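Student: All chains, full assembly: derive it from the sequences and hints.
Heads up: the sequence lines are chains A and B, in that order.
Residue 128 in the numbering used here sits at position 128 of the first sequence, with consecutive numbering throughout.
So the mapping is simple: the numbering used here equals the position in the second sequence, first residue as 1, plus 503.
To be clear, the hints were calculated from the coordinates, so they are not data collected in a lab.
Quantities reported herein were computed from a predicted structural model and do not represent experimental measurements.
Fair warning: there could be bad hints in the mix.
Only part of the chain A face toward chain B is listed, based on derived beta-carbon distances under 7 Å [said to hold, decoys possible]:
(1) Thr278
(2) Ala288
(3) Gln312
(4) Leu314
Glycine residues also receive a C-beta, built at the ideal position from the N, C-alpha and C atoms.
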Amino acid sequence: MSDGAADDAGPAPSPSLVRRLLRRSRLSPVGLRRRILLTFGLGALMLSTFLAFTTYGLVRSNLLSQRDTASLRAAYRNAQVVQSALRGEPTTPASATAQLQQLGVQRSLIRYQGQWSAGIGRFGPEALPPTLVQRVTDDEVPARMITSVGNEPVVVVGIPLPELGSYFEFFSLDEDERTLANVALSLLLAAVITTALGILLGMFAARRAVRPVADVASAAKALAGGDLETRLPTTDDPDLDVLVTSFNDMAATLQRRVERDARFASDVSHELRSPLMTLSASVEVMEARRADLPERAQSALDLLASDVSRFQGLVEDLLEISRFDAGAIRLNLEDLPVADFVRHAIAVSATPNTPVSATRRAEVAMISGDRRRLARVVANLVDNSRAYGGGEPTVTIADANLPDEPVSHVQIAFEDDGPGVPTEERALIFERFARGGSAGRRAGSEGAGLGLALVDEHVRMHGGRVWVEDRLDGRPGARFVIELPSWEPAVSTPGIGQEDLVP
Amino acid sequence: MGTRILAVEDDERIREAVKLALEDEGWSVEGAASGEEAVELFHRQVPDVVLIDIMLPGIDGFELCRTLRKSSDVPIVMVTARNDTHDVVAGLEAGADDYLTKPFAPKELSARIRALLRRIRPTQPGHERLVFGDLELIPEEGTVLRGGQPVHLTRTEFRLLCELAENRGKVFSREELLDRVWGYDYFGDGRLVDVHIRRLRTKVEIDAAAPRHVVTVRGLGYRLQS
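Tutor: Listed below in structure tokens is the structure:
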């Protein structure tokens, strides 16, 4: 079958879909958040630049046309004064200039009968642009022009005085230029602020936009972590509503399915208990009369008795596991002296004479545990050694800390003389009904397949962990280690269990 | 006269099998399929021990237990479906002396029953009367007086009080009490002690919430004082 044909098969996410998604993400490696941020930032920058330029242009043309109009009007008015001054009595341009100066007009020039008046400072006839002079004196039309005298921008207006000559006046643009510079500065500042605000808004929007995604991610994580009640809060946002609804539907379906499975296991175990009760009671009655039975019936009874008790153990394990799955386990925690506790647990196990040794510090260390569940853990590990480890284990209890550290953990180790557990199977054997790859060797008659899974669940509930490793002395065999949180008791109450008594 | 046991269990096959197993111990066993039937049988001839399955049709095991307790201090063993739920504590609060979780081995059941029967007949005569303030114990007669008035205790409660009384001032851990009163090993259920202490206090203390006689020694256990 070709790769392409396989890709189209079924709605399940095929490898090619995953690959396609990966490829797409490689084309646009910028994350959603950064993309939103970038869009907002660039948008704000472009908008504010555009607005700044437009505003500047408008202000400038407006200002100049105002100045133009005002200059022309003033020039006409002054030209009128000059004209009447020159016309009235025979006089000189100088007296006309003096008259103008009385009106506050400084920068004027009069051309009378082909002669220029003096002008003030730099504002003499030489400052006039020749083309303007030509247009006014030769063509006899009013004209104006923007130029600069020294470094000062000015507009020069020229007005012909019929039969007399012509009148010129300089108007400074300095103030307008300063105003425009101020406007430009303000606009630049506004653009910068707008862009910054845009970026801030972008950040806010990005966070807002990504928040539902983050919510979904954390909800999915909680769900995967076993909190099946996790739901997303409902929303008014029609865009998100689809996501929220379908996520919650998915969670509900998942919860129903998980609970149904758990309930099924629990129901089966419960249903099995009644016949088991009858079976074990009946077997016991028969065992009391074992001696009266023929030899073949005795053998059959022995088989029956041992399998009934094995069956009973299996059902109890299944019930315990289904309780774990339903989250119905509540530990009955007590403070226990670990060494004392392990000795008691060994004493009621299948191998009550197994020696237990403890380091000096472990001998007095305390743990917080559910006595009966931890005893099950110990019993299960002893059973495991007996079934697969070639007999009873060696049990050692040691603190897991350096000598100069206070005790924070203790390790209870079970070493056996069996073949050991291959590295690749070490994690697997704590799975339910997993017997490891070497099933042939491990599938002994007692291999219920739940014992180590229960050990794992119980130890983890106690905040500890369990693992299997090679024996420390290098001989063949497995070493199962339970590590539990622990502490050294205060000196005042040595050796006595500090039960948390309910009054 | 042999020991008589009343087994209340609605599953006929279990009832029959338990009956067979217990009869092997030399006890005579009567079976009841419902609470109503059990009450009737109980009043016809009071048994020495009652075994009650909590899940019963009609009146349930807790109710039956409370009904029997009103008129009798007979030892009662509860059979629960699971030991994690509140069933155990609820059963003990209703007046049960001990409990077992299904599926149990009949050997376990007979061991429990033997321990209860032992409790009925105090083993050591020892002291004639023990006085703790306004409390007075007469082990021989099996009576307790508070301020001169007789207090009605079940046999397990009385046994528990005697254990605490016979070693004046000694602090008993829960394991010790489980061993001495119920005959359990290190892995007995401490809730048995806790609930019985609670029940005992409602009877011998003036204010059960502020006990003066049966006191808790935090982190160690229980003690009886004047």
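Student: Does A:Leu314 pass the interface hint, meaning its C-beta sits closer than 7 Å to a C-beta of chain B?
Tutor: violated (11 Å)
Student: With a cut-off of 7 Å on the beta carbons, see whether A:Ala288 makes it to chain B.
Tutor: With Cβ-Cβ at 5 Å, under 7 Å, it holds.
Student: Does the nearest C-beta of chain B fall within a distance shorter than 7 Å of the C-beta of A:Gln312?
Tutor: Holds - the Cβ of A:Gln312 comes within 7 Å of chain B, reaching about 6 Å at its closest.
Student: Less than 7 Å between beta-carbons is the criterion; does A:Thr278 satisfy it with respect to chain B?
Tutor: holds (5 Å)
The structure shown violates just one earlier hint, number 4.
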